[in-house]
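Colleague: Each chain is listed here by its residues.
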Amino acid sequence: MNWLRIKELVRKEFIQLFRDKRNRVTLFVAPFIQMLVFGYVVNYDIRNINVALVDHSYTYESRKLVDTFEGSNIFHITHYATNDDQMEELLLRGKVDMGIKIGPDFAGTIRKGQTASIQIIADGSMSNMASMRMAYTASVIEKFNLDTIRELYPQQMSYGKIDARIRTWYNPNLDSQYFFVPGIVAFLIMLISLLLTSIAIIREKEAGTMEQLIVTPLKASELIIGKTIPYIIISLAQLSAIIVVAIYWFEIPLKGSIILLFFAACLFLLSTLGVGLFISTISATQQQAMMTTFFFIMPFFMLSGFVFPIANMPTFVQWLTYLNPLRYFLVIIRGIFLKGVALEVLWPQFLALAILGGLVFSGAILRFKKRLD
Amino acid sequence: MTLSNSNSIFVENLEKKFGDFTAVNKITFSVKKGEIFGFLGANGSGKSTTIRMLCGIITPTSGTGSVAGHDIVTEPEEIKHSIGYMSQKFSLYEDLTPYENLRFYLGVYSVPPSEWEERIDWVLNITRLREEKNRLTKELPPGRPQRLPLGCSLLHKPDVLFLDEPTSGVDPITRQHFWNFIQQLAREGITVFVTTHYMDEARFCQRIVMINEGSIVASGSPAEIIAAACPGKPQADLNDAFITLMTRTDN
Chain C
1 MNWLRIKELV RKEFIQLFRD KRNRVTLFVA PFIQMLVFGY VVNYDIRNIN
51 VALVDHSYTY ESRKLVDTFE GSNIFHITHY ATNDDQMEEL LLRGKVDMGI
101 KIGPDFAGTI RKGQTASIQI IADGSMSNMA SMRMAYTASV IEKFNLDTIR
151 ELYPQQMSYG KIDARIRTWY NPNLDSQYFF VPGIVAFLIM LISLLLTSIA
201 IIREKEAGTM EQLIVTPLKA SELIIGKTIP YIIISLAQLS AIIVVAIYWF
251 EIPLKGSIIL LFFAACLFLL STLGVGLFIS TISATQQQAM MTTFFFIMPF
301 FMLSGFVFPI ANMPTFVQWL TYLNPLRYFL VIIRGIFLKG VALEVLWPQF
351 LALAILGGLV FSGAILRFKK RLD
Chain D
1001 MTLSNSNSIF VENLEKKFGD FTAVNKITFS VKKGEIFGFL GANGSGKSTT
1051 IRMLCGIITP TSGTGSVAGH DIVTEPEEIK HSIGYMSQKF SLYEDLTPYE
1101 NLRFYLGVYS VPPSEWEERI DWVLNITRLR EEKNRLTKEL PPGRPQRLPL
1151 GCSLLHKPDV LFLDEPTSGV DPITRQHFWN FIQQLAREGI TVFVTTHYMD
1201 EARFCQRIVM INEGSIVASG SPAEIIAAAC PGKPQADLND AFITLMTRTD
1251 N
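The listed protein sequences correspond, in order, to chains C and D.
Using the numbering used here, read the first sequence as starting at 1 and increasing by one per residue.
Using the numbering used here, read the second sequence as starting at 1001 and increasing by one per residue.
Check before you lean on any hint, since a few could be wrong.
To be verified - Pairs of lysine to aspartate or glutamate residues, derived as EDC-like cross-links and limited to a Cα-Cα distance of at most 16 Å, are as follows:
1. K219(C) with E1075(D)
2. K1089(D) with E70(C)
3. K1157(D) with E1201(D)
4. K205(C) with E1094(D)
5. K369(C) with E1077(D)
6. K1089(D) with D84(C)
7. K219(C) with E1077(D)
8. K219(C) with E1078(D)
9. K101(C) with D84(C)
To be verified - One side only, chain C facing chain D, incomplete, derived with CB under 8 Å:
10. N2
11. Q16
12. R19
13. E211
14. L218
Claimed, not checked - Anything over 10 Å on all C-beta distances counts as not near chain C; from chain D, calculated:
15. F1021
16. K1080
17. H1081
18. S1091
19. R1103
20. S1110
21. D1121
22. S1168
23. F1181
24. D1200
25. T1244
Because the hints were derived from the structure by calculation, they are not lab data.
Here the structure is a predicted model, which means the values were calculated and not measured.
Using N, Cα and C, we set each Cβ at its ideal position, and we do this for glycine too.
Looking at chain C on its own, in the form it has when it is part of the complex (with noise of 0.2 Å):
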């Protein structure tokens, strides 16, 4: 191993990376943009339901009823339809989320101390959305009864009630932001480094220069070190910058260490550039790198928990996700922020991830120097 070799490698992949304009645009103006674009989308929030009302009753109760959906400050009246038609035609156009329709003899079923039926429709094309629309409705109308009981028989109430005080830990106001932010701060991470350790080798290869190389005394071992502690440092350097976002952008508290967090993120490292390292060795061109990218990235991605639960994945795919050094960082990744949790909880993520990250790495060293041969 020799440090000057490893110096002046290392020192010529950034004169490379820094001279092209547009890499200097990719590595750090995207990630910034990304991070704050996705921050925004993924979002599972349902705050705004707009709702078209059919009203054939048109007495007090029925005005209580829109009233009770009005005061939850979720659902908004938009438009107000007269027959069933025209709310079909709002929710085909997706002008409404959501369509209530009252039937004349709605006030009079009530008063007569009977069960009366209101209609609701909601648009089940996408169906998570459309059940946690109809949970809101059903509290909406249970407020209702419980505030028409009360108000009819104020002083004949014998039980007493019972009151769930429910706190969410972690994420007190259950924003989907919490929870998807330091995802997002994990798979770019990844992106940015498989992406560009492989495209470092292939580009050597491509333009002959690899050739070149492989006559002087560099190393395969010192060829690998100073391709990939470039890639380190960019990582991680990116990786503060989108943490900054995260943290005073989208106000997600760190609660837990960043020291930990960036020593996660070096062990994460090794898996993604052992993935990229592997690339450069089955790839002869940029465009198959980056094919070949995209190829490993969707898996990690789907088969990490980012957005689609472990538990909820058939068996056997569970066991795959235990070789996606993502599922891991997500954990981390995820504790460390929202829950401030450090080694002693987090301890089986991190040996995972240090166990895994190993074998990649070196398997793809192997490899390498096979390659080179």
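On the provided structure of chain C, position chain D as indicated by the hints.
Modeller: Below, chain D without anything else, positioned relative to chain C:
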């Protein structure tokens, strides 16, 4: 190892097989220190495989050899320190300046940094690139970038210089410059091992080995080779000899 004192390159029964295919078939030759040695053969004749074995990039299947006093099988790393290599394809970084390219290779050859300025100075002189040392290599005027690889291959003062078709695609004037310089290097004691397709250039070689389908078909000075390949044709040149030797099937 008495031979290696006067012989800069020495191989005996050198063989390389890729599976069933014999790329180089037990060849034996030697090159004296300070000699310009031509290694000629058609494409696919085993030329490149031989050079790769001599440079310590691939290991021979059998046979022995030494380059600049180092065994090609057991000391490939030492060989890499003692040789310079220039490939037929331009293989330096076009997005670096000549200066940056030189500095990078000085580092890769672990030349002590205290000697860098002097070496860079010397190379910029011989390549006549001093004016352009801080311009991007890809933006240099046509013909200039090609001077740089030779300079790079000499940075670490190698004992042996391997030139793999160094003048393909180079204009006649630059080629003349190039050969003058190569002859000067040889006089200074550097061994030059060169492959070429241009038979008029092979004249500059003191000795030539011709290889066809992995076997040596002729060796000697240009005049000896012509006389042996084309007997009774006093006006024959190296070109005629080359074609005769490469197309002869009963070899």
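Colleague: All hints are to be evaluated individually against the structure, with a verdict given for each.
Modeller: Verification of the hints:
1. K219(C) with E1075(D): Holds: K219(C) and E1075(D) sit about 14 Å apart, inside 16 Å.
2. K1089(D) with E70(C): 75 Å, violated
3. K1157(D) with E1201(D): 24 Å, violated
4. K205(C) with E1094(D): It holds: about 14 Å lies between the C-alpha atoms, which stays within 16 Å.
5. K369(C) with E1077(D): 15 Å, holds
6. K1089(D) with D84(C): Roughly 76 Å separates the two Cα atoms, so the pair is violated.
7. K219(C) with E1077(D): Status holds; Cα separation ~9 Å.
8. K219(C) with E1078(D): 12 Å, holds
9. K101(C) with D84(C): Given that 16 Å is the threshold and the Cα spacing comes to 8 Å, the pair holds.
10. N2: 6 Å, holds
11. Q16: Because about 6 Å separates Q16(C) from the closest Cβ in chain D, which is inside the 8 Å limit, the hint holds.
12. R19: 5 Å, holds
13. E211: 5 Å, holds
14. L218: 5 Å, holds
15. F1021: 17 Å, holds
16. K1080: 4 Å, violated
17. H1081: 5 Å, violated
18. S1091: Per Cβ check, S1091(D) is inside 10 Å of chain C; nearest 4 Å; violated.
19. R1103: 7 Å, violated
20. S1110: Since the minimum Cβ distance to chain C is about 5 Å, S1110(D) lies within 10 Å and the statement is violated.
21. D1121: The claim holds: D1121(D) sits with its nearest Cβ about 18 Å from chain C, beyond 10 Å.
22. S1168: 14 Å, holds
23. F1181: 20 Å, holds
24. D1200: 27 Å, holds
25. T1244: 33 Å, holds
In summary, the numbered hints that this structure violates are 2, 3, 6, 16, 17, 18, 19 and 20.
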